[in-house]
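Number of protein chains: 2
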Amino acid sequence: MIFDKTKIKNLNIKNPLQLESGKILSEYSIAYETFGELNSKKNNAILVFHALSGDQFVTGTHPITNKEGWWVTAVGPSLAIDTNKYFVICANVLGGCMGSSGPSTIDPTTKEIYGLKFPLVTIKDIVNSQINLLDHFGIDKVLAVIGGSMGGMQALQFCSSYPNRTHSAIPIACTASHSAQNIAFNELARQAIMADPDWSNGDYIKNKKSPEKGLSVARMAGHISYLSEVGLQNKFGRKLQNTKDFKFSFDADFQIESYLKHQGKSFVERFDANTYLYVSRAMDYFDLYRDNNGNLSNAFKNTKIKFCLISFTSDWLYPTSEIKKILIALNSIGADVGFVEIDTNNGHDSFLVHEPEFLKTVRGFLDSAYNKVLHG
Amino acid sequence: MIFDKTKIKNLNIKNPLQLESGKILSEYSIAYETFGELNSKKNNAILVFHALSGDQFVTGTHPITNKEGWWVTAVGPSLAIDTNKYFVICANVLGGCMGSSGPSTIDPTTKEIYGLKFPLVTIKDIVNSQINLLDHFGIDKVLAVIGGSMGGMQALQFCSSYPNRTHSAIPIACTASHSAQNIAFNELARQAIMADPDWSNGDYIKNKKSPEKGLSVARMAGHISYLSEVGLQNKFGRKLQNTKDFKFSFDADFQIESYLKHQGKSFVERFDANTYLYVSRAMDYFDLYRDNNGNLSNAFKNTKIKFCLISFTSDWLYPTSEIKKILIALNSIGADVGFVEIDTNNGHDSFLVHEPEFLKTVRGFLDSAYNKVLHG
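Taken in order, these protein sequences are the chains called A and B. Using the numbering used here, you'd call the opening residue of the first sequence number 1057 and step up by one each time. Using the numbering used here, you'd call the opening residue of the second sequence number 1057 and step up by one each time.
Everything labelled a hint here was simulated from the structure, so no lab data went into it. One should not assume that every hint holds.
Unchecked claim - Residues from chain A that face chain B, not an exhaustive set, calculated with beta carbons under 8 Å: (1) Gly1293; (2) Phe1302; (3) Phe1306.
Unchecked claim - Only pairs whose alpha carbons sit at most 20 Å apart, straight line, appear in this in silico SDA-like list of lysine to any residue: (4) A:Lys1381 - B:Gly1293; (5) A:Lys1381 - B:Gln1289; (6) A:Lys1173 - A:Pro1072; (7) B:Lys1300 - A:Gly1350; (8) B:Lys1295 - A:Gly1350.
Claimed, not checked - Covered by chain A, according to a simulated footprint, are these stretches of chain B (three or more residues, beta-carbon under 8 Å): (9) 1245-1255; (10) 1290-1300; (11) 1315-1321.
All C-beta atoms in this analysis are idealised placements derived from N, C-alpha and C, irrespective of residue type, glycine included.
My request is simple: use the sequences and hints to build the entire structure.
This is the structure:
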């Protein structure tokens, strides 16, 4: 995946980053984008975290793909995360493929593409790397951190690691640690990528190859887990593709097959296979229980952050029961926490689509947080 | 996959089989196995149908793999399907890879391996091909047809196509048609196989290749869908493999990863990639609604068969709601139908493991059917 790097804003960081693995990134880049204006008091910033397949181009037209940003339903002028009012920052995760240091970027010490020599990173490492952005903008405390899926994990980690750097947090459709089933889906995706001979043990860029088939299968596996059974049934059911009868072949006969193949195919045009490995691994390793000796409450001890937890009824990847564990942990230390379960058939992807009750919740919660910061 | 064909019983059929696709199989082989003895009145036969990854070696030691048969928990002397009492017949499905005609067998007209030249078959074709076995044994009417998953689909199709050739039926953990999510999982598996360059457009045997990586990924996808989220969590959770700490690599760190990789690896030793394509396609095409103008009841009109439908609470591949649709269709024509939902965390695979209430149901239902046939 080659793209015009002049379209990417980069923060180059020379302070070494101590990673959880024990390794050190002596210097690294964080690619980011901002939307809206930072006010003079620098108290209207919202840090958005993206999910596995996302990047910093939250809204508007993506300058590389020329497609819409991944959160155009939520972020923009007069939208729930109102860029007329807030200064929205989003960084491409460390290990990502939209400009931040990762397996497809150049190792400054060897001047070669990292490939699998890029060290494994964790959600904590990712959050630690992004604190530099707040420092860069001179923002002492953001109004809110927000994200869905892996973005929600980063929001939780941020609250745990930097309790004094945000007023509020909206972790959406996420978990405090991956279940065996979550890990299983990610491992399936990784094995699909690594099974592709063009993956070349991670050195496909050097070898001028591209493990597109493997990455495409990985994306298909992901997509199945992002959508609900009922949602898929309502949208596709057993509808046939361009035909009234079965073709009795292995081409796409059913619309759901074409849909999945299309999702796989379009993904490989904009995403890097090694990044899929790194970022999915970071998600699997994320475990706020383990980090706190099994007691999730300890992750948020004495927190003054105001939380709004959001889950979706048909999300079977990170079901409501996972968000409830976080809710219990926060309530059991008397934290200021609200919880909303949105009734929808849109599955895990609900946070990415136009889901009115969800967007209303986000807008209202942010309004209230902003008024509190401005007036008291 | 090469094996000693002398260990396989084959019924060679010269009567052409008209397939649903419109094509004709002019001659074909059905590999089968029997367990127990057929009584003189030939009224103690039970026809067992296997699932996607199964074969005719239901119980005892598999002569090719040297492993246990896939249904040792249910079939054998004094077990629920008691081979001291019943004559159990099981055939390898048409399109299969354990001796029945399929993509890895020789096309009698060209004398070459079929590969993708083998015609696509449906569940109805599979059932039609197996009727020959009953004729071969001179069995006018079996005591029962029984099967789980795709085996349950065959049982349903048998009851619809041959209402006078069985007294009773036990369709287990199955559906009358695949949902979009079911098709999605199968398509994911097929794409994983076809993405493997060693698949060689289906001609891997001729080309002396084996698409093991693709088939292994396909099997992993299947396995995820066969197990319940709770079952996986109870068995594996986030337990690590041979280590107290994360290895920060892409090797298997979690036990669930090793388990899936092992399942994939051992599968390729005993299964054929093209058969996976054919048989999964047959499942996707199966649609007793479509075959009956949308009215499932019509599939069983005037049936005298006694049904026992069985589902499992944690089966999310073919949830209880699917079996209930069949239950409603049968009740709405006054058919003789019982229904049991077994409470278990073992997911779709529940019918393959030692599940006491399930096995008790099967044993009791068969006992009752047998007594009725013997005495009245």
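Okay, the hints, checked on the actual structure:
The interface hint given for Gly1293 (chain A) holds, since its Cβ lies 6 Å from the closest Cβ of chain B, which is under the 8 Å cut-off. Using the Cβ-Cβ criterion of 8 Å, the hint placing Phe1302 (chain A) at the interface with chain B is satisfied: the shortest such distance is roughly 6 Å. Look at Phe1306 (chain A): its Cβ gets to within about 6 Å of chain B, closer than 8 Å, so that hint holds up. Proposed proximity of Lys1381 (chain A) and Gly1293 (chain B) is supported: the alpha carbons are some 16 Å apart, at most 20 Å.
Note on Lys1381 (chain A) and Gln1289 (chain B): the hinted pairing holds, with a Cα-Cα distance of about 15 Å set against a maximum of 20 Å. Restraint check: the Cα-Cα separation between Lys1173 (chain A) and Pro1072 (chain A) comes to about 17 Å, which is no more than 20 Å; the hinted pair holds. At roughly 15 Å between alpha-carbon atoms, Lys1300 (chain B) and Gly1350 (chain A) fall within 20 Å of each other, so this suggested pair holds. Restraint check for Lys1295 (chain B) and Gly1350 (chain A): satisfied, since their Cα atoms lie roughly 14 Å apart, inside the 20 Å limit.
With 7 residues bearing a CB less than 8 Å from a CB of chain A, the segment 1245-1255 of chain B meets the requirement of three and the coverage assertion stands. Only residues whose beta carbon comes within less than 8 Å of a beta carbon in chain A count, and the segment 1290-1300 of chain B has 4; three or more means the coverage holds. Proximity of the segment 1315-1321 of chain B to chain A, defined as three or more residues with a beta carbon under 8 Å from a beta carbon of that chain, is established by the 3 residues found.
This entry satisfies every hint, going by the numbered hints stated previously.
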